[in-house]
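A.B. asks: Protein chains in written order, with numbering that gives the first Met the number 0: chain A, 0 to 235; chain B, 0 to 290.
These are calculated hints, taken from the structure and not from any lab test. Warning: the hint list may mix true and false statements.
Said to hold, decoys possible - With a straight-line cut-off of 25 angstroms between C-alpha atoms, the simulated PhoX-like cross-links for lysine-lysine are:
no. : chain 1 : residue 1 : chain 2 : residue 2
1   : B       : Lys-138   : B       : Lys-125
2   : B       : Lys-185   : A       : Lys-52
3   : B       : Lys-174   : A       : Lys-52
4   : A       : Lys-180   : A       : Lys-220
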Amino acid sequence: MLKVENLTVNYGYINALNNVNFEVNKGEIITLIGGNGAGKTTTLMSISNLVAKESGRLTFKGADITNLPPHKLVKMGLSHVPEGRKIFPALTVYENLIAGSLGNTDLKKPQINELVQKMYQLFPRLKERCDQGGGTLSGGEQQMLAIARGLMMDPDIIMLDEPSLGLAPIIVEEIFELILKIRDEGKTVLLIEQNASMALSIADRGYVLETGRVVLEGTGKELLNNSDVQKAYLGD
Amino acid sequence: MEYIINQFVNGICQGFIYALMAVGYSVIVGVVGFVTFTHGEVIVFGAFASFYIFLLCGNNLLLGVIGSFAASWLIGIFVYKICYERFFHAPRHIALICTIGVSMLLKNIAQIIFGPNKKPMLNIIKNKIYSFGIVEISKVQIVIILTVIILSALLFIIFMKTRWGISLRAVSQDKTAAAMMGINVKQTAMIGNCMGSGLAGVAGLLIAINYQTVYATMGSNLSIKAFAAAVLGGLTSVPLAALGGILIGIIENMGITFTSASLRDIFTFVFLIIILIFKPQGFSKKKGVRP
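Chain A extracted, bound-state conformation (with noise of 0.2 angstroms):
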């Protein structure tokens, strides 16, 4: 569905993806793991067209997407949690999830109101805060808020950018258990993650970055065995 071939990224004279190759096949979850500036928020911000692509050649659902500009990326299907969350602090609950189905125009509003109504089920503690501005929630409130902004497109792949960020562990798993919900409602999801071992538990396949290369690659179960792996993030 999403295919990465060659991807090169330069900031400046530092080098941050050295022909980095991944797929994404429909219904999967992928996930990049790798220590920090290993590359892989770099990775999502260059599909998403929010820095420069030194090469390197994207494809979404066959068609060449590499110098798309972000707003048409958004209505080809393809959504951008980004790390940090980044909601919009002086909008309500239901402001952001409004703004999240903005760059979709196909989305007429009866279609609107049933992905609320639809992001309220999934996630009861934003119905609870709806009308909450976005930024007097809690870390784990705010993550679950940007999830299911990013889902309010209605996009086929949606790509989560550390959604364990500064969390609880029992927020964390809380999280994780809600990406099996999405990928089981048919959704895509490209997940990046430092807790790899999460990570690699709920994924199908994973990609292990380092300095801004793909160095390892395989089934979710093989990662986790994999000695090297272990050895390097999982702390063994």
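With chain A fixed as given, assemble chain B onto it according to the hints.
C.D. replies: Chain B only, in chain A's frame:
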């Protein structure tokens, strides 16, 4: 005493015009994210647009308002294309200096097109004075205040109740996140800039019928007054900017009541300086942020 009260009423009326300019200013700074110095010139073009509409089409206030709004909207597109569109990722002072340059350009274009002389504004509203006890208020003033209130209400509805408003506010809060939501950030920022400019244009029309004159260089002072009022609202808070505008109008008029009309601008700027010294963030508190 009567004189003072009536000066106070004049101050409120003038304050409403400043409020409209300041509201436009805050919308621009809020949505686009850059400080602008072209506001005064936008006001002038709005005023002249209505001047010519009244000249050609007669006394039709609604047409004048629409015309000045539309003319300033177009100027807003021009300013946006030159000053902002390419500079979102550049250091902020580049756009700022660019607006100063464009402001000079527009000022001189205005002088070429409209001539350097003051023109008498047509008397489009039959001036009647209503007395409530010792308070006197003219029909012109009532029209001005009503226009400002109606436009502000419309702006409020657009911003708070429509999807358009949500995308404008989303862009004003976080452009990167808005882009990730699939909002066309550049187009939305341009619309925000044009809406703010349009309001400034209508303010120009109101200034012109209040003073009964229009001239090409009247923008510079007004620009700084709009800025001063917007500073009171922390540059991005629309209601507080409106409050700031009304306050400045009142202070100015009370000031000249006790001194001389030629000192009018001094009061605004002294007030601005005092505010900047003691409360540089304006009256606004950051909303929606966890303490």
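A.B. asks: Does each hint hold? Answer for all of them.
C.D. replies: Here is how each hint holds up against the structure:
no.: 1; hint: Lys-138(B) <-> Lys-125(B); in the structure: holds (8 angstroms)
no.: 2; hint: Lys-185(B) <-> Lys-52(A); in the structure: holds (21 angstroms)
no.: 3; hint: Lys-174(B) <-> Lys-52(A); in the structure: holds (20 angstroms)
no.: 4; hint: Lys-180(A) <-> Lys-220(A); in the structure: holds (20 angstroms)
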